[in-house]
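Trainee: What follows is each chain in one-letter form.
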Amino acid sequence: MKRSIIFIKRTFYSIFVLWGLSVLIFVISRIVPGDPARMALGARASEEVLQRFRIAMHYDKSIVVQYYHWFKDVLHGDFGISLVTKHPVSEDISRVLPASFELAIFAFIFIIIIGITIGVISARYHNTWVDNLGRLAAYFGIVTPSFVFAIMGMLIFSYILEVLPTMGRLSSELIYPPKITGLITIDALIQGNFIVFVDAFKHLILPAVSLGLLGMAEDARITRSSVYNNLRKDYIVAAQSYGIPDRVIMFRDLLKPSLIPVVSILALQFGSILSQAFLVELIFNWPGFARYGMTAIIQKDLNAISGVVLILGIFRICGNIIVDWIVGLLDPRIQLIKERSE
Amino acid sequence: MLNKKAKILSIILCILGILISISSIGIAASPSIVRYSSDWPVIIDPSVGSDCQGVTAIVNLFDPLVSADTKGNVIPHVAESWDVSSDGLTYTFYLRPRIKFHDGSELTAEDVKFSMDRMLTIGEGISYLWLENIQETEVIDKYIVAFHMKTIFGPFLVTLPSFYIVNKELIMANIKKPGIYDDMGDYGRGYVIDHDAGSGPYILKDFTGEYILMEKNPNYFLDINSAPDEFKMIGSTEPILLKTLMARRELEMTNRWMGSETLKSLAEIEDVEIAQWRGGGMEYITMNTRKPPLDDIHVRKALAWAFDYDMAVKLVPGSVQARGPVPLLIPGSDPNSFQYHLDIEKAKLELKQSKYYGHFDEYPIEIEWNTNKYMEKQAMLLMANATDIGLTLNVVETTWALFCSDSASIEATPHLHVLSANSYYPEAASLLQARYHSSTAGTWLQGEWLLDPVLDEMIENAIATKDKDERYAKYREITRYIIDLCPTIFTIETPERRAYQSAYMDWPAAKGEVIPVYKYDNSIRFIKVYPEKREELLKK
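First to last, the protein sequences are chains L and R. Under the numbering used here, the first residue of the first sequence carries the number 1, and numbering increases by one thereafter. Under the numbering used here, the first residue of the second sequence carries the number 1, and numbering increases by one thereafter.
Chain L with its partners taken away, still in its complex shape (with noise of 0.2 Å):
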């Protein structure tokens, strides 16, 4: 079966699964106790108004009605209006989604960029001084919250050392770029905006460490096993024994095999940067997607909480699917394996 009707099918029946979140979210936002409008509109709202919020909302109407209207809205790209910001949450998620998108874009390169290395060299070098100091990095990394790095990179790099900026996206003193994807660093480029950029990339440094590196760290754990494993297999010994230098062996022939397990975890890892980026949010005042989440749910704002919910299962499956099909182009076998299975 060719790979792009497997990525058709793919995309058929995570539409199946998406409606399945849909109702299961709903359901749950909508059974929790409490009166929304009355969270809505503050205590001493009156009845009347409270009525109209109701009626409004339609939430004078059974679940399966409200369900409805609510798909069918949500169908048009409308989530309804944000009990908490009174904003449409469509607005909120269309600009918090994008702080959240390029803090997630630059921790994401620090994870590869780093972890990858450092779990290349730690195989290359094992058990030697220099992997059991990856090695450590990577434990350090892996049971240390991301919050911690947070608050101690706060206080290093901002109020100590003063060099790099405490909060935020950008200075004040600037003016955000005219929008064109939402993401300052990116808008920045394509408006030949330097300062702004150089800026907007300060603002990025602390945050996105802080939320990279147990991502970092446990990339790093896996390059390094999968490498050292794969140094071991006969095609690599044979390269060696034909005197291929051990850069060439390493580029060509090792780091494509030993990155499929890493590709595979980096989606999850892409998922759980923008759901679980809450406390870095927190403590950097970024105004992103997880921040606005967790504030919808403590503050019992259904529809945020719908809306927010769906847009991450959205990026879960479509993190899934493009990583199903970038190891299927880094090991075709695997395909293979799955039409057979078929």
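Keep in mind that a hint or two might mislead.
[As the list claims (entries may be wrong)] Mimicking BS3-like on lysine-lysine, the simulated pairs with C-alpha atoms at most 25 Å apart in a straight line are: (1) R:100 / R:150; (2) L:86 / R:177; (3) R:176 / L:179; (4) L:202 / R:205; (5) L:72 / R:100.
[Said to hold, decoys possible] Estimated spans, in silico, between C-beta atoms of each pair: (6) L:314 / R:384: 44 to 54 Å; (7) L:64 / R:466: 47 to 57 Å; (8) L:276 / R:343: 47 to 57 Å; (9) L:56 / R:138: 27 to 37 Å; (10) L:51 / R:136: 22 to 32 Å; (11) L:63 / R:451: 24 to 34 Å; (12) L:63 / R:269: 48 to 58 Å.
Honestly, the hints are just simulated from the structure, not real lab data. We put the CB at the ideal spot given by N, CA and C, even for glycine.
Keeping the supplied structure of chain L fixed, place chain R upon it in accordance with the hints.
Mentor: For chain R alone, coordinates are given in the frame of chain L:
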């Protein structure tokens, strides 16, 4: 050709060079700015926003019809004068001419009418202050507007410093249809939520997901030359971030609700001081009078006698023991009302008179708290005190959302809850009505579930009294009535405590010159900052 080591060295040097050049690109700070840490989100629509952060933005972006002096007296602002009809049912206001909105259009009586109509139609925020009382708003002339009341509303004038005027023309041009307000579509809510429609001393410059930036209005009708050029509300109350910003002189003042540990830590920074004043806030421990064993007044009185008020005051620096349901600085409070104190013997005597005496183990009592650690301490204190009289309390932390939903029914409302509440206008009626009138039963404002028709009538009667002295006397009578019912432990009058940059900032509120209640302490036009002193601090 470079050898391998030289290549590596040159790469390292390049990376270092990039890092150094990046860190050296600095952005010059605005010379005259006040930066304020704020809860988030901030609702800047005066018809919707009513929490601390919302009002802080509104007070700077919009103008109220009338203002208040530091003693709480109502003084002219947009309205330069006013008169009240002899029957107390019509208030006529004469507006200053030539006040400009930020878009350049003139503020007229039409805008005042539109603002009140919009407020009452939307029915959110603080609209409840006027919703039951105003019959109609009438434009008499371009600069004359009248409010016709349904019944006499004694405190009407003192509520008006919280009534802000929006730009009718601008909002009407940005109304989205269809909306839930029939012909008025969404009544401009979608627009005003993040757009400037005011005439206030500051103009909205930037509203991002992380901060709100305002700049001084150059055409403001009052002299604000010495006010800061900019005001920035930073959407974070994270202690570590605030400490870093304060130390780098990138934050001038904090919001309320800072924990004492955070404030103590901020005060350790050189030239950062803690400003403290009482602004009409109270802490109560509500008692669900419909739930056994607290449906017995003797049990409630026993708890009121058992509470260690002195310790409660020590737990919250700057607080004083409360005397009745209304803070003493609020006009209409009763300075001579009965005050409980710690007396274990009296508490035990009360318990013995209870119908539940000897059976308390059958009625587990929970005390809930949320919001901040001060409240937890109050809950723990009462729990410890209660053991001295043989009562066992379970301290339960809850979320604000859960607390709100639990408050909707008698059964779900906890036996005891540590509650913080503020007056919305400087008169006792604000808290008496909010906390004890039956209209608020079923909301977070009233965990007592008094549902007392006599009390309701007393409150309604007092509010409908035109003469101020007579009204105040009625408030005192209500206070005594409530204390006799003992539905609440009146614990402390809470202070507002904020960290601020004392070396380069002149903040009237920090010197005790506080306008009670309306959040005018956050009105930036009264503040002066000295950028050169800040520079000196940074050079140290």
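Trainee: Is the distance from the Cβ of residue 63 (chain L) to the Cβ of residue 451 (chain R) consistent with 24 to 34 Å?
Mentor: holds, 32 Å
Trainee: Quick one, are residue 86 (chain L) and residue 177 (chain R) close enough, alpha carbons at most 25 Å?
Mentor: holds, 17 Å
Trainee: Does residue 205 (chain R) sit within 25 Å of residue 202 (chain L), going by the straight-line distance between their CA atoms?
Mentor: holds, 24 Å
Trainee: Regarding residue 63 (chain L) and residue 269 (chain R), is the given constraint of 48 to 58 Å on their beta-carbon distance met?
Mentor: holds, 53 Å
Trainee: What's the verdict on residue 100 (chain R) and residue 150 (chain R), does the C-alpha distance respect the 25 Å limit or exceed it?
Mentor: Violated: residue 100 (chain R) and residue 150 (chain R) sit about 32 Å apart, past 25 Å.
Trainee: Falls inside 47 to 57 Å, the C-beta gap from residue 276 (chain L) to residue 343 (chain R)?
Mentor: holds, 52 Å
Trainee: Hey, residue 176 (chain R) versus residue 179 (chain L), does the alpha-carbon distance stay inside 25 Å?
Mentor: Roughly 24 Å between the alpha carbons, so the hint for residue 176 (chain R) and residue 179 (chain L) holds.
Trainee: That 27 to 37 Å hint for residue 56 (chain L) and residue 138 (chain R) (C-beta), does it hold up?
Mentor: The hinted range 27 to 37 Å holds for residue 56 (chain L) and residue 138 (chain R), with Cβ atoms some 30 Å apart.
Trainee: So the hint says 44 to 54 Å: do the beta-carbon atoms of residue 314 (chain L) and residue 384 (chain R) match that?
Mentor: Hint holds: Cβ distance 51 Å, inside 44 to 54 Å.
Trainee: Within a Cα-Cα threshold of 25 Å, do residue 72 (chain L) and residue 100 (chain R) meet the stated pairing?
Mentor: Violated, at roughly 44 Å.
Trainee: Look at the Cβ atoms of residue 64 (chain L) and residue 466 (chain R) and judge whether their distance stays inside 47 to 57 Å.
Mentor: holds, 54 Å
Trainee: Take a look at whether the Cβ-Cβ distance between residue 51 (chain L) and residue 136 (chain R) falls inside 22 to 32 Å.
Mentor: holds, 23 Å
Violated hints, listed in ascending order, are 1 and 5; each of the other numbered hints is respected by the structure.
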